[in-house]
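Please construct the entire structure, taking both the sequences and the accompanying hints into account.
Convert by adding 4 to the 1-based position in the sequence shown; the result is the number in the numbering used here.
What the hints contain is simulated information worked out from the structure, not anything from laboratory work.
Quick reminder that beta carbons are idealized off the backbone N, C-alpha and C, glycines included.
Any given hint could be a false lead.
[Claimed, not checked] What follows is a list of derived Cβ distance ranges for each label pair:
hint	residue 1	residue 2	range
1	Pro-261	Trp-51	47 to 55 Å
2	Trp-226	Gln-260	40 to 48 Å
3	Leu-96	Ser-134	48 to 56 Å
[What the hints assert, rightly or not] Derived DSBU-like pairs (lysine-lysine); straight-line CA-CA distance at most 30 Å:
hint	residue 1	residue 2
4	Lys-101	Lys-12
5	Lys-101	Lys-258
6	Lys-258	Lys-12
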Amino acid sequence: MAAAAGAKKAHRTWDKVLVSAFLAGAYIAFGGLVAISVSSGLDPETWGTLPTLFTGATFTLGLVLVLIAGSDLATGNMALVPLSAMRGKLGLGDVAKNLSLVLLGNLVGALVVAYFLAVQTGVIDDADASGNAALTYERLASIAEGKALGESAWQTFLRAVGCNWLVCLAVWMSLAATTVSGKILAIFFPIMAFVAMGFDHVVANMFFLPAAIFAGVPDVGWGETLLNWLLAGAGNLVGAVVFVATSYWYLFLKDQPDEEPDPAGAESAGRA
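Below, the structure is given as structure tokens:
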């Protein structure tokens, strides 16, 4: 089912891939925005590390929307599309084209939410704001500064590896679930865990870092942002291909004959 889903994603026309990826980028940004809103104003001296748990629990909304509503997220495709190539359904060119288009669509979707729905709405304001907008600004600044300025290149890469190992496990397990509630449960814990641990998700960072720039967070610029995306994207790719796609291909698919997928099952999986 996973290999069939990857092939279906790669065989879509470029315009449908871009629209689907735009939606996924927006959905992940919605998850990031609600996570900021819920966890802002929680003083670490009082709450300790609990704000990271609240951030992770609410951020799961993003992948729930991606997998249940249906859209193309680059980090999930980094496992499903290469897995399909390992089964001989796609070539390396197909994989590269799909991931490039999906990353582009994800970026546009995340930027639209960051600029128009996070900053222009006043949900996140600037440093001179008051009330709830000031609290969300401070929370966003803390997250963005930590990712853009507080991690070494090696740390960002490794955090991205761990992130997408967990994200792709969430996608993999959701394919096994046959109900909406089962899929949500499969998604919740891995996504909550990677966010709570401070790992780096390239599409989430396409929201957090530009939103910080749009809100005027000091010292977070496009240079630091682009470097973070490059390192996070590379780490996410390694986490997906090595630890999920290759591992499960070797365990379950390497010696299995290629079979025609169940149409209903492939259709459901293709939305992931």
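Results for each hint:
| no. | hint | in the structure |
| --- | --- | --- |
| 1 | Pro-261 - Trp-51: 47 to 55 Å | 54 Å, holds |
| 2 | Trp-226 - Gln-260: 40 to 48 Å | 46 Å, holds |
| 3 | Leu-96 - Ser-134: 48 to 56 Å | 53 Å, holds |
| 4 | Lys-101 - Lys-12 | 14 Å, holds |
| 5 | Lys-101 - Lys-258 | 24 Å, holds |
| 6 | Lys-258 - Lys-12 | 20 Å, holds |
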